[in-house]
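Enquirer: Sequence:
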Amino acid sequence: MEKTVTLKRSLGLWPIVMLGIGYMTPMSVFDTFGITAEATNGHVPTAYVIALIALLFTAFSYGKMVRAFPSAGSAYT
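If you use this note's numbering, the sequence shown corresponds to residues 99 to 175, in order.
All the given hints hold, so there is nothing to weed out.
Pair ranges (Cβ atoms, derived):
| no. | residue 1 | residue 2 | range |
| --- | --- | --- | --- |
| 1 | Phe-131 | Leu-109 | 27 to 37 Å |
| 2 | Thr-102 | Gly-140 | 48 to 58 Å |
| 3 | Thr-102 | Val-147 | 37 to 47 Å |
| 4 | Gly-140 | Arg-107 | 37 to 47 Å |
Don't read these hints as lab results, they were simulated from the structure. Cβ atoms here follow ideal geometry from the backbone N, Cα and C, with glycine treated the same way.
Model the full assembly from the supplied sequences, consistent with the hints where possible.
Expert: Take a look at the structure:
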């Protein structure tokens, strides 16, 4: 017997953004700041802007996949 499962969209843009920030914030400051400062010779803000650009490409890709497969569920099923 196969049962059709449908997912309900219950999270909007801001809850997802806050969820992502909640995961990143504690670890990024304490774990990577010193390593990043040493590796970039003190150009930490520039390194974070470059990382942000890379993350935006990833977010765009996820957005395209969500539109193509809206009921896949990803990690939340």
